[in-house]
Each structure stands twice: as structure tokens, then as C-alpha cells.
Amino acid sequence: MLTGLKAKISSTISKITTYLKEKATPVNVALVVLIILVGYAAWAFFEHSPAANVFCATCHVMKPFYEEFQESPHRQFNCHVCHVFDLETAQGTIRELYLTITGQAPDPEELRLEARLHIEDECLQCHRREDLAKLPLHNIHLEVAEIADSCTFCHSSHLLKPHNSDCTQCHDLERMLEKHKGYHRYAFAITILEEQNVTRNLPPEVLDIIKEVAGPSVECYRCHGETATWNVPLDPQCYVGALEGKTCLDCHKDLPEIDISDDRCTECHRK
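Residue 1 is where the sequence shown starts when you use UniProt numbering, and the numbers rise one by one after that.
Since the hints were derived computationally from the structure, they do not count as laboratory data.
Take the hints with a grain of salt, since some may be wrong.
[To be verified] With a straight-line cut-off of 20 Å between C-alpha atoms, the simulated DMTMM-like cross-links for lysine to aspartate or glutamate are:
#1 Lys-63 - Asp-107
#2 Lys-63 - Glu-110
#3 Lys-134 - Glu-120
#4 Lys-63 - Glu-96
The model shown is predicted, which means the values in this text are computed figures rather than measured ones.
Work out the full structure, taking the sequences as your base and the hints as a guide.
Structure, rendered in C-alpha cells:
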């Protein structure tokens, strides 16, 4: 079987060589060289330039992932650094194109969950386990990572910074809010609280009005006074540090083995 394949390849190469010799006029040679150069330039751009990532976003299924990736520390890399374009990938791309054209495109959330099961091999192409284990935040969660056997238990495939919903898989949100009181409670945006079902006692129409009038990223403290909702007396100056979009990782980004120090607080709060 292998011998027959080699014979076919040899015969094909011979036919191509003969054809080129017969048609090898200066114009044809120049045209072939031009096609090769343009083709190589296009391939190099598509394979290595981050600007080519926009091409991936032209598919509406990929748009949410592209937008997440633009917020990632890896955004300066081409998609193909992780998504190696090989024969298997090409076959999958053709299949996905067919499903999209026929209206059977998969839900992006399903793709996200599928990717989180397999992306760790891509992470470990650049990141070594032993190096990650030295980082304070990883060191504390090392046992969790070993049990989960996946980086994506906490990290999404594209937006690497863990979301609050990743933290609350293990950490009870209500208990954390009670533990941290002021410097966590007033910083949560209404959409974050809604996602965690903390706003379940608010009538839906009230929640809609808040988001429409004040915006989806508004923090509760913008309208509620120092003690109106949380009953936690705070100096008005504290609210200076309640910046929009705060998440668990804004304070716990480099978690020490002891509890958060005063130095961590003063990153947001003026002394």
C-alpha cells in the first residue's frame, strides 16, 4: 500500500515537472513566483500577526471569544499560537462552516464549556506547572488545581482573569460579603450582584430601571448612603476607592499567605 502511494506521488511530481518545463515562459515563471510570494506573505500574516485575529471574529460564533481575548494579557499573540492550524483543525473548521451556513451553529456557551475541558494542554506549551506553583495565588489554590486537573477550573479559555463566578464555585459569596463587609459590599456592581442572585429580592422592574437609568456597571453605593443598605458605618472618604467593576481578583491578585494587609487597601483607598 505504501509503495503504491509513493509511486502515485512520484508520478504526480513527474507530470507537474514536465508541464512546467513545457510552459516555462518568462511570464509564467514570474507569475508562479509572484503567486508563491503573495501566498507566503498571506500565510505569514494569518499565522503570526495579531491583526489577523480580526478575521476569526468575522464569524458571529467567535465574536464573544474575540472580545474576551482583547481583554486578555495574551491579546498581542496570534490566535494560532494556541489554536494550531493543522489538518484536524481544518476539518473542524469546514464542519463548523457547514453548520453555520445551514443554521446549525453551536451555542457559543457550549463551545466555551468544551474548550475549558481541553485547553490546558495549550496553556502548558508556554507555562510550566512548577513556575505556576510558585505564584502566591496559585500556590494557595494548587490543591484545587490538582483535583480539577485543569487550569480552566478558574481561568476561562480567553479572558484569563477569573470572574467572580469562578471564585464563588468554592467561596460562598454571602459569607465573603459578610466577612469583608464595607470594602467588598459597596464595590460590587449591580450586574455582578444580579449574576450571583444576590438581587433576587428586588422586583425585576426595579432592577431594570436601575440598569437603564444608572447603567449596568453602577455600584450600589452610588445611590445608597453610608449605612442605608449595609448598615456599615464608613467614612465618606472610603467610597473613593469603590471603583467601577471591582472583582475578587482586584484585591486578591497577588494573594499573600496571610490576610490582606493595609497596603492592599490603600491601592484603592486614600490614606
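*Sort out whether Glu-120 lies within 20 Å of Lys-134, counting only the CA atoms.*
Status holds; Cα separation ~18 Å.
What's the verdict on Lys-63 and Glu-110, does the C-alpha distance respect the 20 Å limit or exceed it?
Holds - the C-alpha atoms of Glu-110 and Lys-63 are around 14 Å apart, at most 20 Å.
Practice prompt. Quickly compare the C-alpha distance for Lys-63 and Asp-107 to 20 Å and report which way the hint goes.
Written response: holds (12 Å)
> Does Lys-63 pair with Glu-96 here, judged by a C-alpha cut-off of 20 Å?
Replying inline: Holds - the C-alpha atoms of Glu-96 and Lys-63 are around 14 Å apart, at most 20 Å.
The structure shown violates none of the earlier numbered hints.
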